[in-house]
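Peer 1: Each chain, letter by letter, is given below.
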Amino acid sequence: MDGKPTDRELMIALAGNPNAGKTTLFNTLTGLKQKVANYPGVTVERKVGRWAFGGTGVRLIDLPGLYSLDASSIDEEIALEVLTGKIEGSERPDAVVAVVDATNLERNLYLVTQLIELELPVVVALTMMDVFEKEEHTIDIKKLSDMLGVPVVAVQSATGRGIEELGEAVLSSAGSSVEVPEGLRIADGNKIFNRYKFVSNIVQETVRHNDRRAHQIADRIDSVLTHKFWGIVVLLGILLLIFHAIFSWAAIPTDLLDEGFGSLADAARSVMPEGMIADLVADGIIAGVGGVLVFLPQILLLFFFIAILEDSGYMARAAFLLDKLMGRIGLHGKAFLPMLSSFACAIPGIMATRTIEDRRDRLATIMVAPFMSCSARLPVYTLMIGAFFAGQTVLGFVSLGAVIMLAMYLLGIIAAVVVAFVLKRTILRSAPSPFVMEMPPYRMPAIRTVLQSMFERAWLFVKRAGTVILAISIVLWALTYFPRPAEVAEPTTEITQVSEGDAESAETAAESEHLQNSYAGMLGHAIEPAIQPLGFDWKIGVALIASFAAREVLVSTLSIIYNVGDDADEESPSLISAIREAKRPDGTLVWTPLTAVTVMVFFVLAMQCMSTVAVVRRETNSWAWTLFMVGYMTVLAYAAAFVTYQGGKLLGFG
Amino acid sequence: MKLSELSYGSSARVVSVDGEERITKRLMEMGVIPGIDVTVIRSAPFGGPLQIRLLGYKLAIRRNEAETIEIETPSDTQEND
Chain U
3 MDGKPTDREL MIALAGNPNA GKTTLFNTLT GLKQKVANYP GVTVERKVGR
53 WAFGGTGVRL IDLPGLYSLD ASSIDEEIAL EVLTGKIEGS ERPDAVVAVV
103 DATNLERNLY LVTQLIELEL PVVVALTMMD VFEKEEHTID IKKLSDMLGV
153 PVVAVQSATG RGIEELGEAV LSSAGSSVEV PEGLRIADGN KIFNRYKFVS
203 NIVQETVRHN DRRAHQIADR IDSVLTHKFW GIVVLLGILL LIFHAIFSWA
253 AIPTDLLDEG FGSLADAARS VMPEGMIADL VADGIIAGVG GVLVFLPQIL
303 LLFFFIAILE DSGYMARAAF LLDKLMGRIG LHGKAFLPML SSFACAIPGI
353 MATRTIEDRR DRLATIMVAP FMSCSARLPV YTLMIGAFFA GQTVLGFVSL
403 GAVIMLAMYL LGIIAAVVVA FVLKRTILRS APSPFVMEMP PYRMPAIRTV
453 LQSMFERAWL FVKRAGTVIL AISIVLWALT YFPRPAEVAE PTTEITQVSE
503 GDAESAETAA ESEHLQNSYA GMLGHAIEPA IQPLGFDWKI GVALIASFAA
553 REVLVSTLSI IYNVGDDADE ESPSLISAIR EAKRPDGTLV WTPLTAVTVM
603 VFFVLAMQCM STVAVVRRET NSWAWTLFMV GYMTVLAYAA AFVTYQGGKL
653 LGFG
Chain L
159 MKLSELSYGS SARVVSVDGE ERITKRLMEM GVIPGIDVTV IRSAPFGGPL
209 QIRLLGYKLA IRRNEAETIE IETPSDTQEN D
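So the sequence lines, in the order shown, correspond to chains U and L.
My numbering numbers the first residue of the first sequence as 3 and each following residue consecutively.
My numbering numbers the first residue of the second sequence as 159 and each following residue consecutively.
Only chain U is shown next, with the shape it has when bound in the complex:
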């Protein structure tokens, strides 16, 4: 090594086991000066921040949580590449801060031995000292440091204890040469065994454990939360609470956002001269992007709960409880979190599959995650139920709408179960992958960590609204806007006598006429033969094509098609009555309750989300898998819709 680099910023890596307090320490060291991005080519998160101390600044890079550096998962592979300077665009770090949980010393120090073996200057940051001391254990930090051959500093993020000392230790060891201790230099025998022997010897020499079992409270909590019966009851209760919150608490902010975007569109129209640009901004951009952003409250709430479950240590318990059940389908216990997230939005759900180590297990989870009814399907269900099943009850007191809504959620879950089962027994068959999972101690969730994780995930969603959805909204708007007939330019000039209401309806009638002749209308007519067996006409066809970009687009497209104005939503009476009264050229009604159910079935199963397609492509790194998913989901949706409609007709419905 060439000694300390002076001409460039120091680069320090932060490494440690999951649950060792790494994120909290990273936040304390960098404040809010951090940037989250992905490593090139893969989707492992790369967090970089600036850590300023004593007049100098260093670049602090946060590695994913690791138990080992043996490159058996993507996270470990990336961490090893960063530490050895093999990754694109970053050099070997000048030093590593190893975050070590004092209450779980042996296993945490195992990773440290591997870092030392890489001949990197290491500084150990001992966390959880407050818990350790409360349990009345003692540790000889000086001796620990001597035996490991690296500086050891006890830190506490909340009080700032040891932070300055940590900085000094890092500065003085950065770039220095490293001598691997005698005990780690043995070449023969089992390396893992040898490292643990080295660690265990050190722990025996430096730590005095208080034998009064401090796990007692945690054990008592676990005896309920992971109980064969009560554990499942609590899990169901938690899920119920989460879904209740998503559907009822989120309604108020969702309505506010919806109104907000409506007034924004009006405001945009009022400041811009009438014409194409105003139409593009109000109908294309604001309506399109706003239609997606109204789901933000639901998504924030779901991620808030998920972050709490993760940070408290509960998520590992849920995976433990469900592993066998998921295993029967062919999925890993760790697939629970991705599937749960997918009820808000499949994108973060698919990204959360990264923790599943086996590639085939992970692929199977990605392939079925989009069957979970995400928040974008809700407006479709709401509109269909509102138009045909409102106010009806079954057994006299249960709302029929609620039953149908529940049936749609169940249909998605059943589809996921069946498809995963088939995939894992055919093309994704694999040897059972390890389920070796730490059950971390229960901790009070840190508000900052929870909020941070919630906003980071929600940001992915917002970003998609700002990019993919924006682009699609513009394209879609153009397809319905062009070609522009010349004669509809000033429709109001000739009918000045009629009342305002009539003028408006004349205007919307002209718009409908125009839609039929637009590119979107042509497409709708072109696919009509294919969708006729599902009971759909060309207008529904236009909405269907549009909704392949994003499901919720169905509602706004139908509003345009049925001339009820652009500000209609899934609960607006005008849109509902327009759907109920829509007629075919021969005078028969287009929509029946059966058509509504068929539409819902199609929407449960079809892959109608461009952003998900893009994310699947990135996560699987394969166009073949991406196209396979789009293909099989579309075929399945079509087949199920066909069976629903034709079967329903045979049974005398519709």
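Read the hints as simulated data drawn from the structure, not as lab findings.
Don't be surprised by glycine CBs; every beta carbon is placed ideally from N, CA and C.
Hints are not guaranteed to be accurate.
Partial selection, computed: residues in chain L whose CB lies under 10 Å from chain U [to be verified]:
hint	residue
1	V173
2	R180
3	M188
4	N222
Here are the simulated lysine-lysine pairs, PhoX-like style, with alpha carbons at most 20 Å apart [unchecked claim]:
hint	chain 1	residue 1	chain 2	residue 2
5	U	K465	U	K49
6	U	K199	U	K145
7	L	K183	L	K160
8	U	K199	L	K183
9	L	K183	U	K193
10	U	K585	U	K651
In silico negatives: residues of chain U with every beta carbon more than 10 Å from chain L [to be verified]:
hint	residue
11	T30
12	E83
13	L107
14	L120
15	S147
16	A176
17	D221
18	L323
19	D325
20	V615
Following the hints, position chain L against chain U.
Peer 2: Same frame as chain U, but now just chain L:
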């Protein structure tokens, strides 16, 4: 005796870990190495994974993984003496 045969609440010492390479490596990295003491706490419903304690922390492993862990209980040791 195998770890999967140990009754809930009992402890034993690991003698060897001998299963599929990938799983054995993962278990050993997590500290399941010959010579350490493990306690089986409970099992998940439907014949699911086992919760075990070792090195002062809790780990969940599947039954088939527990079958690859050879253990000796204090009574085994006495018989050997």
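Peer 1: May I ask which of the numbered hints given earlier this structure violates, with the numbers listed in increasing order?
Peer 2: Those not satisfied are hints 1, 13, 17, 18, 19.
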